[in-house]
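Trainee: Working from the sequences, and respecting the hints, build out all of it.
Number of protein chains: 2
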Amino acid sequence: MADRAALEDLVRVQGERVRGLKQQKASAEQIEEEVAKLLKLKAQLGPDEGKPKFVLKTPKGTRDYSPRQMAVREKVFDVIISCFKRHGAEVIDTPVFELKETLTGKYGEDSKLIYDLKDQGGELLSLRYDLTVPFARYLAMNKLTNIKRYHIAKDFDIAGQFDPMLPDAECLKIMCEILSSLQIGDFLVKVNDRRILDGMFAICGVPDSKFRTICSSVDKLDKVSWEEVKNEMVGEKGLAPEVADRIGDYVQQHGGVSLVEQLLQDPKLSQNKQALEGLGDLKLLFEYLTLFGIADKISFDLSLARGLDYYTGVIYEAVLLQPPARAGEEPLGVGSVAAGGRYDGLVGMFDPKGRKVPCVGLSIGVERIFSIVEQRLEALEEKVRTTETQVLVASAQKKLLEERLKLVSELWDAGIKAELLYKKNPKLLNQLQYCEETGIPLVAIIGDQELKDGVIKLRSVASREEVDVRREDLVEEIKRRTSQPLCIC
Amino acid sequence: MADRAALEDLVRVQGERVRGLKQQKASAEQIEEEVAKLLKLKAQLGPDEGKPKFVLKTPKGTRDYSPRQMAVREKVFDVIISCFKRHGAEVIDTPVFELKETLTGKYGEDSKLIYDLKDQGGELLSLRYDLTVPFARYLAMNKLTNIKRYHIAKDFDIAGQFDPMLPDAECLKIMCEILSSLQIGDFLVKVNDRRILDGMFAICGVPDSKFRTICSSVDKLDKVSWEEVKNEMVGEKGLAPEVADRIGDYVQQHGGVSLVEQLLQDPKLSQNKQALEGLGDLKLLFEYLTLFGIADKISFDLSLARGLDYYTGVIYEAVLLQPPARAGEEPLGVGSVAAGGRYDGLVGMFDPKGRKVPCVGLSIGVERIFSIVEQRLEALEEKVRTTETQVLVASAQKKLLEERLKLVSELWDAGIKAELLYKKNPKLLNQLQYCEETGIPLVAIIGDQELKDGVIKLRSVASREEVDVRREDLVEEIKRRTSQPLCIC
Chain C
10 MADRAALEDL VRVQGERVRG LKQQKASAEQ IEEEVAKLLK LKAQLGPDEG KPKFVLKTPK
70 GTRDYSPRQM AVREKVFDVI ISCFKRHGAE VIDTPVFELK ETLTGKYGED SKLIYDLKDQ
130 GGELLSLRYD LTVPFARYLA MNKLTNIKRY HIAKDFDIAG QFDPMLPDAE CLKIMCEILS
190 SLQIGDFLVK VNDRRILDGM FAICGVPDSK FRTICSSVDK LDKVSWEEVK NEMVGEKGLA
250 PEVADRIGDY VQQHGGVSLV EQLLQDPKLS QNKQALEGLG DLKLLFEYLT LFGIADKISF
310 DLSLARGLDY YTGVIYEAVL LQPPARAGEE PLGVGSVAAG GRYDGLVGMF DPKGRKVPCV
370 GLSIGVERIF SIVEQRLEAL EEKVRTTETQ VLVASAQKKL LEERLKLVSE LWDAGIKAEL
430 LYKKNPKLLN QLQYCEETGI PLVAIIGDQE LKDGVIKLRS VASREEVDVR REDLVEEIKR
490 RTSQPLCIC
Chain D
10 MADRAALEDL VRVQGERVRG LKQQKASAEQ IEEEVAKLLK LKAQLGPDEG KPKFVLKTPK
70 GTRDYSPRQM AVREKVFDVI ISCFKRHGAE VIDTPVFELK ETLTGKYGED SKLIYDLKDQ
130 GGELLSLRYD LTVPFARYLA MNKLTNIKRY HIAKDFDIAG QFDPMLPDAE CLKIMCEILS
190 SLQIGDFLVK VNDRRILDGM FAICGVPDSK FRTICSSVDK LDKVSWEEVK NEMVGEKGLA
250 PEVADRIGDY VQQHGGVSLV EQLLQDPKLS QNKQALEGLG DLKLLFEYLT LFGIADKISF
310 DLSLARGLDY YTGVIYEAVL LQPPARAGEE PLGVGSVAAG GRYDGLVGMF DPKGRKVPCV
370 GLSIGVERIF SIVEQRLEAL EEKVRTTETQ VLVASAQKKL LEERLKLVSE LWDAGIKAEL
430 LYKKNPKLLN QLQYCEETGI PLVAIIGDQE LKDGVIKLRS VASREEVDVR REDLVEEIKR
490 RTSQPLCIC
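Residue numbers (my numbering), protein chains in the order written: chain C, 10 to 498; chain D, 10 to 498.
Hints in this document: simulated from the structure, not taken from any laboratory. There may be inaccurate statements among the hints.
It does not matter which identical chain is used: a pair holds within one copy or between any two.
Below, computed lysine-lysine pairings styled on DSS-like, alpha-carbon distance capped at 25 Å [stated by the list, open to error]: (1) Lys152 <-> Lys219; (2) Lys365 <-> Lys66; (3) Lys49 <-> Lys34; (4) Lys432 <-> Lys461; (5) Lys94 <-> Lys392; (6) Lys306 <-> Lys229; (7) Lys84 <-> Lys94; (8) Lys34 <-> Lys292; (9) Lys152 <-> Lys127; (10) Lys66 <-> Lys127; (11) Lys121 <-> Lys219; (12) Lys407 <-> Lys31; (13) Lys127 <-> Lys109; (14) Lys277 <-> Lys94.
Mentor: Next comes the structure, spelled out in structure tokens:
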């Protein structure tokens, strides 16, 4: 291999020389001579079988997860899934792609982000963009009207006709439980209602046909200034400046239940039926959130709009209050880590008879949360174990491979997490070092004397203490010593 | 909604009448009259806003998983992942799609099955077909030479240069452990080696260029007869009939380590260097499998070829020996439920310098296993719980919604899996029925008297027994009563 690599380097250097000469417009003779050298080198190299002709990378917008990152991911998913199960959710799954028409017309301006597949024998397919639309398709297809479910460890929804605001309040409770358990810092959940937004647009003078696109503009307020949003509304979307200004007066307000009360008295807004319904529901929601002990985490925020078309009622978005980075670190910014809302019309778009199934749900921003947890672990210089191996089966002398294989097999069959080095005659030192590197806490050492005595030497890697354990007691002893729950951070 | 649905029915009936008249070649007048009626009905119906114009389905070759199916899937994944962890594997993940060229030229005749995506801004992408090629790409990209990993709960691989047959034997041990734990019936693992196959092809007179395509033909022997495979070799792939017959003599042999010994004495095969290497390794492999206590599960089978191009050494495939269906049921057939092998050249195809990383791995046929476990549960008429809820918070009288919300919130905060009905004033009977239907074992009942006494009535759904528990002891009592591990089958 090393020879081939060196030869490849020579070919590359010679290739560059030829290109250089051509650029410098060197004499044909000189170029010919150098090309001959290049060809000779290439002939020596032989066919470049197995040599890739492409860039080694993952597709744009995707990434791999290393074992360390997966360990973080597993911990985050554990927190999320236990919360979903604590709230009685079932779990479903749907394919990673859907018929293109299933996804079409559900997202509004966000739909540019959908990946289309090539025609597959007459079917136009797209990769799923979120889990909400596939869930609505699933409900309509299976004629389901009631279900509380989660979907690949990040999406939770409650479908069904229930007394108002009870499922909505539970969704917010779930969001708060998950964000508290993850210990990624203080957070706030912004809440609004699409009916309040629509009512507000109506009384401000936005034409009906522009509600959704103006809603998309308002949605940008968490990233850009009001001035920029106003410019987009007026310049790109053709809104009258005075209409935009009226919107501006509203969307800059936020507060608690007292703001709900205040707007219920607003002479214009309270005359709008939709807005009134939304405000009434928010008042009830705040009562339930108080009973759930989370009202202090919630802010009624008139600038919250959410980008997707399918929301019809309450909407919410959780943001971190402080960047979780430590001193000297790049802060990750204060961004949304969970969001959701009510979408009562989506299932009806799939049902052949247009029957509606009211739904409310939430989605956890797992990718963002992974990054935050990863960054925190790095700041703490925490060592993350990426395996759970309890014991390494090792030998103190040569010619004990067979005995090692027999012992490790016994341990596996007894449910012990065990490894051995894939070497006929490994040195004891190398075996101990492997444990240090990978965090294996125990070593079961076989030697000729131990075999004669019917014992195994059990060594604690941390304390270096060794005791002889009778072979028949080994499994129990390993279980006893490793019964502490594993923790990765 | 109901009115609209009735009207839609009328439109459909009228539409069929018109089609019927046209087929019967009725008079133009008669048809015109009925069409007029149809148009009138359609006008009444108004624009069919919200009514889908497409078939409600998942893409060809994909399926949804219902909560019941997901409960089965979770159980199967639990078995598989605990086994992978028991063997010290780390976990990685890679994107669901890859650059098209990453997948090109790795699979051979199976590559027809790859889904291509539309051009995404200059990148040609395809959905991953297996997890082995993305894993090899990951190793090359991250310059890794040693890793033992698993990948979304079904793929396990060991990469690295080790003493021969040790990782290979562990892969077979893992396969046997998983299939035994799943209790899906007796199984057998067929083993062969690509070097033995190639050696056999050589001495039978197959031209080098046809090794891979003839290998694909041999691979079909588990589904079709030797006659059909021979026809394909001779008719489609242009092999001489006498060459095919020589292959036929070999591939109909199978047995244990004694067949390895016998072929080591085969005058022709033992003269072929590749075959000799393969046979020598298989002999060593059988020694290790005996130490692992699984040699009786393994059959050396010369007809095993495996479809994919990338295998270079030992290959294996586990099959169920008896169809797991019960009397009166459609048997699922005896098929492959796990498979794998050694692929020493694949990482080198991605490495810019062609550096090789020897790898061996296995893949569990999880879809097939889900079907088998599902079918068995149905045959047993087992009720599968799809949630893990421990207790329903219920009320015996009206006007206790606030108290229910306070209690359920306390329970969630204490880590108890709890639900309540989303109704202001549910009847106690309905609350108890909900528990019966969903398998919730306990009910925590609040009533006016209980509130005065500072207790909660805890009811066992199965025994209907009720006891008053002090509110401060409720969490402990629920934990005590539900500490038995949950079992779904």
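Trainee: So, for every hint listed, does it hold in this structure?
Mentor: Going through the hints against the structure:
no. : hint              : verdict
1   : Lys152 <-> Lys219 : neither (33 Å within a copy, 53 Å between copies)
2   : Lys365 <-> Lys66  : between (44 Å within a copy, 18 Å between copies)
3   : Lys49 <-> Lys34   : within (23 Å within a copy, 82 Å between copies)
4   : Lys432 <-> Lys461 : within (23 Å within a copy, 71 Å between copies)
5   : Lys94 <-> Lys392  : between (30 Å within a copy, 19 Å between copies)
6   : Lys306 <-> Lys229 : within (22 Å within a copy, 62 Å between copies)
7   : Lys84 <-> Lys94   : both (15 Å within a copy, 15 Å between copies)
8   : Lys34 <-> Lys292  : neither (78 Å within a copy, 64 Å between copies)
9   : Lys152 <-> Lys127 : neither (30 Å within a copy, 33 Å between copies)
10  : Lys66 <-> Lys127  : both (21 Å within a copy, 18 Å between copies)
11  : Lys121 <-> Lys219 : within (19 Å within a copy, 47 Å between copies)
12  : Lys407 <-> Lys31  : neither (62 Å within a copy, 91 Å between copies)
13  : Lys127 <-> Lys109 : both (11 Å within a copy, 12 Å between copies)
14  : Lys277 <-> Lys94  : neither (44 Å within a copy, 63 Å between copies)
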